[in-house]
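Trainee: All chains should be modelled from the sequences, with the hints used to inform the complete structure.
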Amino acid sequence: MTAVKPEPMNSRPQVRARRIWFRVLAALLGVAVFAVVELLCVMTGVGSATMGDDPFVGFASVRPLFEHTENGETFHTSPNRRGFFKEDSFAVNKSEREFRIFVFGGSTVQGNPFSIETSFPAYLQVALEKANPDRSWKVVNCGGVSYASYRLLPVMQECCQYEPDLFIFCEGHNEFLEEVSYSSIRQNSAVLQRTFTAFDHLRSFRVLRNAISGTKNSQATSTTAKPLLPEEVDTLLDHDGGLAVYHRDDNHASAVVEHFRNNLRRMADLCELHRLPLLMILPPSSLTDCPPFKSEMSQTLSDEDQDQLQNLLTQSRALAAWDVPKAIELVQQAVQLDPRFAFAWYELGELQLTAGMSNDAERSLRRARDEDICPLRITTPLENAFREIAAERSLPVIDAHQLLSSRCANGIVGGSVLVDHVHPSFRGHEDIAIAIAEWMISDGL
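The opening position of the sequence shown corresponds to residue 61 in our numbering, with each subsequent residue numbered one higher.
Treat the hints with care, since some could be wrong.
[Claimed, not checked] Distance ranges between label pairs, derived from CB positions: (1) L100 / S466: 44 to 50 Å; (2) F486 / D300: 33 to 39 Å; (3) P193 / H136: 24 to 30 Å; (4) S138 / D367: 51 to 57 Å; (5) N444 / I501: 26 to 32 Å; (6) P287 / P385: 45 to 51 Å; (7) R76 / S502: 56 to 62 Å; (8) N419 / V122: 43 to 49 Å; (9) D194 / P287: 45 to 51 Å; (10) H307 / T134: 46 to 52 Å; (11) D503 / D480: 28 to 34 Å; (12) V96 / Y222: 31 to 37 Å.
[Unchecked claim] Here are the simulated lysine-lysine pairs, DSS-like style, with alpha carbons at most 27 Å apart: (13) K146 / K190; (14) K198 / K146; (15) K198 / K154; (16) K190 / K154.
If you are wondering where the hints come from, they were derived from the structure by calculation, not from laboratory data. All values reported here derive from a predicted model rather than from experimental measurement. For every residue, glycine included, the Cβ atom is placed at its ideal position computed from N, Cα and C.
Mentor: Rendered as structure tokens:
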């Protein structure tokens, strides 16, 4: 019987080292394969952002925004879309001299509450024609009333076929207008949501996700993984008692921000695919002269604390005309009692503004806007997502809120530059248009 020679002691570290190197090489091989697949997707155009790519919502159907006129020489706004969009048109055959711009957004882009002729896209057309009359300029207004980013994406995708030279996006106010259920998203952890969003801008990941989604859809019965929205906007406030539907829901608000962030990434992907410059306009919102549309006290607040909060606000109002510092002190006690009560923050901001405390007033008024239960103005988390994606994708940004604040005596955007909670005055639209034209000149466009 032959005896088995024991393995030398000094060979065991070598075996372990070989195993570690084998695992490292296997991992590197997997990454290399993934990188090659991603490169092939980029080279072939597979996995690009498409209308069906939205992992958060689907649509019952999507109709084109533009259609041919009877003579076939012009595209114009489809009559069946004019409930939300205004009539605009452009030539089917683009001349060599023409520089064509499409502007996407909501009612601010459309020029509400006035008209499309006084919107900043119209003023931009005039500014460009005056700056360089030797060039043919066409600025197309794709502003849809109450249109959120997820509804503007299909419009942007459609417009890629119309020989654009520049896309401009200006939106963020309408993300909370429709009833969108994110229950399937909210069941996942925040870490999983962020991981999914990070991977979703990889083409290879989108190909895999769409393949899995297609298999699931073919096997689906009466339920779907994501909500199906109607063909056109159906805002909660257009229904009786719509305001009553709004309640504080921090999880829902976080999902809205994540969806907005995802939409901006997909817009950047789309423009990168078509080699189109994308200019981002951060929309303005009124901080002063605009109370919150709905305020709610925290559910954790006792009945006694709620009564105390109301008493503090009542006392403050009685003192405001002759003792502003004392009135401010009382409202500060109220916001400490419940930091989530939007109207208390608004009253504090207005009092601080009266006392000449502009910086403190702006912080309080921003907090009032962000705690609004019915957010009809872009919130700070949405603004942060806007700036984050612009920085991540190196997109140029014009901060229209900051731009208009320079025209306000106290530096806080309000009724002197906006006609309501979000819509600029004529002068405000002119200022935005001039800022865009100046950026185009500086960028060599």
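Trainee: If a hint holds in the structure, say so; if it doesn't, say that too.
Mentor: The hints, checked one at a time:
1. L100 / S466: 44 to 50 Å: holds (49 Å)
2. F486 / D300: 33 to 39 Å: 34 Å Cβ-Cβ, so the 33 to 39 Å window holds.
3. P193 / H136: 24 to 30 Å: Because 25 Å falls inside the window, the suggested range holds.
4. S138 / D367: 51 to 57 Å: Holds, at about 55 Å.
5. N444 / I501: 26 to 32 Å: Since N444 and I501 have Cβ atoms about 29 Å apart, the given range 26 to 32 Å holds.
6. P287 / P385: 45 to 51 Å: At 50 Å between Cβs, range holds.
7. R76 / S502: 56 to 62 Å: holds (60 Å)
8. N419 / V122: 43 to 49 Å: holds (46 Å)
9. D194 / P287: 45 to 51 Å: Distance hint for D194, P287 holds at roughly 50 Å.
10. H307 / T134: 46 to 52 Å: Holds - the Cβ-Cβ distance for H307 and T134, about 47 Å, lies within 46 to 52 Å.
11. D503 / D480: 28 to 34 Å: holds (32 Å)
12. V96 / Y222: 31 to 37 Å: holds (35 Å)
13. K146 / K190: Distance of about 25 Å is within 27 Å: holds.
14. K198 / K146: Within the cut-off at roughly 16 Å; holds.
15. K198 / K154: At roughly 10 Å apart (the allowed maximum being 27 Å), K154 and K198 satisfy the hint.
16. K190 / K154: holds (21 Å)
Violation of the numbered hints given earlier is absent; every hint is satisfied by the structure.
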